[in-house]
Amino acid sequence: MNVTTAGARLVGRPRYGDRALAVATGAAVVTILSMLVVVLFDVVRGGATKLSWEFLTTSPREGMTAGGVLPAIVGTVSLTLLMTIAAVPAGVATAIYLTEYASRRSRLARLVRVCVANLAGVPSIVFGLFGLGFFISTVGRAIDRVAYDGEAVYGRPCLLWSSLTLAILTLPVVVVSTEEAILSVPRELREASLAVGATRLQTITYVVLPEALGGILTGTILAVSRGAGEVAPILFTGVAYYLPYLPTHLNDQFMNLGYHVYVLATQSPDVDRTKPLLYGTALVLLMLTLLLNLIAIAIRARSRRRSRAAA
Amino acid sequence: MAAPMTAHTRNAEALGERGSRSLRRRGGLGERTVEIAIQLVALVSIAAILLILVFVGKEALPLLTSAEVHKEVTPLGMLAPIQRSGESLYMWQPVSDVAKYNVIPLIVGSVKVTLVALVFAVPLSVAAALFVSEYASERVRELAKPAIELLAGVPSVVVGFFALVALASWIQAVFGTEHRLNALVAGLGLGFAICPIVFTVAEDALRAVPRSYREAALAMGSTRAQSVLRVVLPAAAPGIAAAVVLGFGRAIGETMIVVMASGNAALLDASLGRSTRTITATIAQELGEVVVGSPHYDVLFALGAMLFTATFVVNFFGERVVDGMRRRLGAGS
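Chains as they are written, first to last, in numbering that gives the first Met the number 0: chain C, 0 to 310; chain L, 0 to 332.
Hints are supplied without guarantee of correctness; some may be wrong.
Stated by the list, open to error - Under 7 Å between C-beta atoms, here's a sample of chain C residues computed to sit facing chain L: (1) L20; (2) A65; (3) I95; (4) Y261; (5) V262.
What the hints assert, rightly or not - Covered by chain C, per the in silico footprint, the following chain L stretches (three or more residues, Cβ under 8 Å): (6) 70-84; (7) 105-112; (8) 152-166; (9) 190-198; (10) 236-249; (11) 278-284.
Said to hold, decoys possible - SDA-like mimics (lysine to any residue), calculated; alpha carbons at most 25 Å apart, straight line: (12) L:K144 with C:I215; (13) L:K144 with C:L293; (14) L:K144 with C:S105; (15) C:K49 with L:N263; (16) L:K144 with C:L216; (17) L:K144 with L:Y212; (18) L:K57 with C:A119; (19) C:K274 with L:R179; (20) L:K57 with C:A300; (21) C:K274 with L:A165; (22) L:K57 with L:V72; (23) L:K99 with L:S65; (24) L:K99 with L:S270; (25) C:K49 with C:R305; (26) L:K144 with C:A300; (27) C:K49 with C:R60; (28) C:K49 with C:G66; (29) L:K144 with C:R301; (30) L:K57 with C:A23; (31) L:K57 with C:G149; (32) L:K57 with L:F315; (33) L:K144 with C:A308; (34) L:K57 with C:V113; (35) C:K274 with L:G292; (36) L:K144 with C:V29; (37) L:K144 with C:K274; (38) L:K144 with L:N263; (39) L:K144 with C:G66.
Since the hints were made in silico from the structure, they are not lab data. Here the structure is a predicted model, which is why all the values come from computation and not from measurement. Glycine included, each C-beta is placed from N, C-alpha and C at the ideal position.
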């Protein structure tokens, strides 16, 4: 008799209830994952025929029933790029403050943590209202008054304000991911650096941040994926349904993949004719965000394995 | 690995030459400046929360203070019914000749759709969390967890689109619903979207239950199922409650899924098969078309402020529980 069967006898014979619970909970996992598969399958099946080089590189034609989605792709990419430029430095700095500078009992640090957590839970449509009320009506109008004699240059919806609104929305993603990565840097590395005479900032820049790069990258990618898929915050802060030009200035309006899907799906006068284009656009957006998520998962898994191997 | 080490040694040498007076060097003026900058940037999240509160509230304020606005709508008028031929009517009709701004149908719509989402997503996600934390092998767990979290990577507009073009037809074929787009379709779409957050928080809660609880239950002769259901699950109850609360907060604030899948008619009833309109969808659809500063505009911002307050309170308590749990989890392992 080996140890496991003896153990099994000690804890009582496995009963039907045991099996049933394992099967039922396992079925829940399978159900959730099959929902994902169903959504993916439906979008891929509907959009695959539409997907072509031409679809990705031309503008829509004939009242959105033909042509491609190039302007929406360019708009989405510029939007998330600007968002990243604002969100990543701010998020990384916040994480550095929380982990390296704030003392354990600091009230300010606790307040920052509470705010970051609550920021992550603010409904995205409220960010849209905020962007309109703060960035456009307040900051933008003020810029116009001071620099442009009251002409509406920045006091209207545009790329800049949409990006900044999204940057605030995605800030928590960057902070949480970076903080986790910085916390997993072994203390010995910091101590070694300080012991040979490096200052605190030198220790952070040359020792801590390079070690935490994987986590910062994961957070950035997840933020980009989130930003690329959000529609509600940009509804009133800069997105346009159709533009004959690509955005080139910060105060230009822009097209967006998610918004394109929304408008085509809900306001198109002839749904049957726009449906292939609609599925194609949804597929492009889905591929973009899922690909980014998969990359983030892969990076995270790799850095976890590495830190486990080191420990 | 190589790059940081060389940089770090180079620095150490440079510092060694100058000799260090104290064990821990203080930085120069440049370093102090950078440190202060980092701390200032860290305040951005606090500023963001305050600014959201102030600027969403500011646009809603005329609703309380302006006599001009009160000619068209008052806060009380947003809640109380209109009496017409002996009937009490709750109506949201902001663009009719006599604008009506009763928010009760919208609140009921939001709550209805959110409840459908929770009823659908919570049992499924908690059961999945039980499987991953109690039954799955290490390898299965490392595949299942990211896979479920991948659901969060599907943009809500894509979920809404799927619900609109595919799910709605299936639901109508099966249940014969009165309207094609309805509370049930929107709720199921929302349920899909909140599965990852409920799952993640619930799984953390289950894993935070100390091993010794399970061992004690098994040692006293209970089966695995008994230990899971009667010991582990009750011990994780606060965390699972937090998962539900956070799922609620996420669902009630979600916009794109409901705007696409709920049908958006502000009907006041409990039916799941009929079209419904939520607070978020109302803001999304109407704000683009109102005159800035009009009473309608103020009312929409008031709805936003209401939503912000509700989710803030819900998340605040949810996060507090999760925070305590994570601390125990960290201390235990």
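Against the structure, the hints:
Given the 7 Å rule on beta carbons, the hint for L20 of chain C holds: about 4 Å separates it from the nearest Cβ of chain L. With a cut of 7 Å, the hint placing A65 of chain C at the interface with chain L is violated, because the nearest CB-to-CB distance is about 20 Å. Nearest Cβ of chain L to the Cβ of I95 of chain C: about 6 Å, under the 7 Å cut. The hint holds. Contact between Y261 of chain C and chain L, as hinted, is supported at the beta carbon level, the nearest pair being about 5 Å apart and thus within 7 Å.
Of the supplied interface hints, the one on V262 of chain C is violated, with its beta-carbon coming no nearer than about 10 Å to a beta-carbon of chain L, more than 7 Å. Restraint check on the segment 70-84 of chain L versus chain C: 0 residues with Cβ-Cβ distances below 8 Å, three needed, restraint violated. For the segment 105-112 of chain L, the stated coverage by chain C is violated: 0 residues have a C-beta nearer than 8 Å to a C-beta of that chain, whereas at least 3 were required. With 13 residues bearing a CB less than 8 Å from a CB of chain C, the segment 152-166 of chain L meets the requirement of three and the coverage assertion stands.
Counting residues of the segment 190-198 of chain L whose CB lies closer than 8 Å to any CB of chain C gives 3, which reaches the minimum of 3, so the coverage claim holds. Check result for the segment 236-249 of chain L against chain C: holds, 3 residues qualifying (beta carbon to beta carbon below 8 Å, three or more required). Counting residues of the segment 278-284 of chain L whose beta carbon lies closer than 8 Å to any beta carbon of chain C gives 3, which meets the minimum of three for the stated coverage. For the suggested pair K144 of chain L and I215 of chain C, the alpha carbons sit about 21 Å apart, so the restraint of at most 25 Å is met.
The straight-line distance between the Cα atoms of K144 of chain L and L293 of chain C is roughly 13 Å, inside the 25 Å bound, and the hint therefore holds. A distance of roughly 34 Å separates the Cα atoms of K144 of chain L and S105 of chain C; the hinted pair therefore is violated under the 25 Å criterion. Distance restraint check for K49 of chain C and N263 of chain L: the Cα-Cα separation of roughly 30 Å exceeds the 25 Å cut-off, and the hinted pair is therefore not satisfied. Taking the CA atoms of K144 of chain L and L216 of chain C, the gap is about 20 Å. The hint holds against a cut of 25 Å.
A hinted pair counts as satisfied when its Cα atoms are at most 25 Å apart, and K144 of chain L with Y212 of chain L qualifies at roughly 24 Å. Under the criterion of a C-alpha separation no larger than 25 Å, the hint pairing K57 of chain L with A119 of chain C is consistent with the structure, at around 22 Å. Between K274 of chain C and R179 of chain L, the direct Cα distance comes to roughly 18 Å. Compliance with the 25 Å bound is thereby established for this hinted pair. Distance hint between K57 of chain L and A300 of chain C is unfulfilled; the C-alpha atoms sit about 45 Å from each other, more than 25 Å.
Between K274 of chain C and A165 of chain L, the direct Cα distance comes to roughly 12 Å. Compliance with the 25 Å bound is thereby established for this hinted pair. A threshold of 25 Å between alpha carbons decides the hint, and for K57 of chain L with V72 of chain L the separation of about 17 Å falls inside it, so the pair holds. Restraint check for K99 of chain L and S65 of chain L: the C-alpha separation of about 18 Å stays at or below 25 Å, so the hint holds. The hinted pair formed by K99 of chain L and S270 of chain L meets the criterion: a straight-line CA distance of about 23 Å does not exceed 25 Å.
Restraint check for K49 of chain C and R305 of chain C: the C-alpha separation of about 41 Å exceeds 25 Å, so the hint is violated. Under the criterion of a C-alpha separation no larger than 25 Å, the hint pairing K144 of chain L with A300 of chain C is consistent with the structure, at around 12 Å. Taken as a hint, the K49 of chain C and R60 of chain C pair is honoured in the structure, with Cα atoms around 14 Å apart against an allowance of 25 Å. Of the pairs offered as hints, the one joining K49 of chain C and G66 of chain C holds, with about 10 Å between alpha carbons and a cut-off of 25 Å not exceeded.
Between K144 of chain L and R301 of chain C, the direct Cα distance comes to roughly 15 Å. Compliance with the 25 Å bound is thereby established for this hinted pair. At most 25 Å may separate the alpha-carbon atoms for a hinted pair to count; K57 of chain L and A23 of chain C exceed this at roughly 51 Å. At roughly 22 Å between alpha-carbon atoms, K57 of chain L and G149 of chain C fall within 25 Å of each other, so this suggested pair holds. Restraint check for K57 of chain L and F315 of chain L: the C-alpha separation of about 23 Å stays at or below 25 Å, so the hint holds.
For the proposed pair K144 of chain L and A308 of chain C, the alpha carbon gap of about 21 Å is at most 25 Å, so the pair holds. About 23 Å separates the Cα atoms of K57 of chain L and V113 of chain C, which keeps this hinted pair within 25 Å; it holds. Taking the CA atoms of K274 of chain C and G292 of chain L, the gap is about 37 Å. The hint is violated against a cut of 25 Å. Note on K144 of chain L and V29 of chain C: the hinted pairing holds, with a Cα-Cα distance of about 12 Å set against a maximum of 25 Å.
For the hint pairing K144 of chain L with K274 of chain C, the CA-to-CA distance comes to about 34 Å; that exceeds 25 Å, so the pair is violated. For the proposed pair K144 of chain L and N263 of chain L, the alpha carbon gap of about 35 Å is over 25 Å, so the pair is violated. Taking the CA atoms of K144 of chain L and G66 of chain C, the gap is about 39 Å. The hint is violated against a cut of 25 Å.
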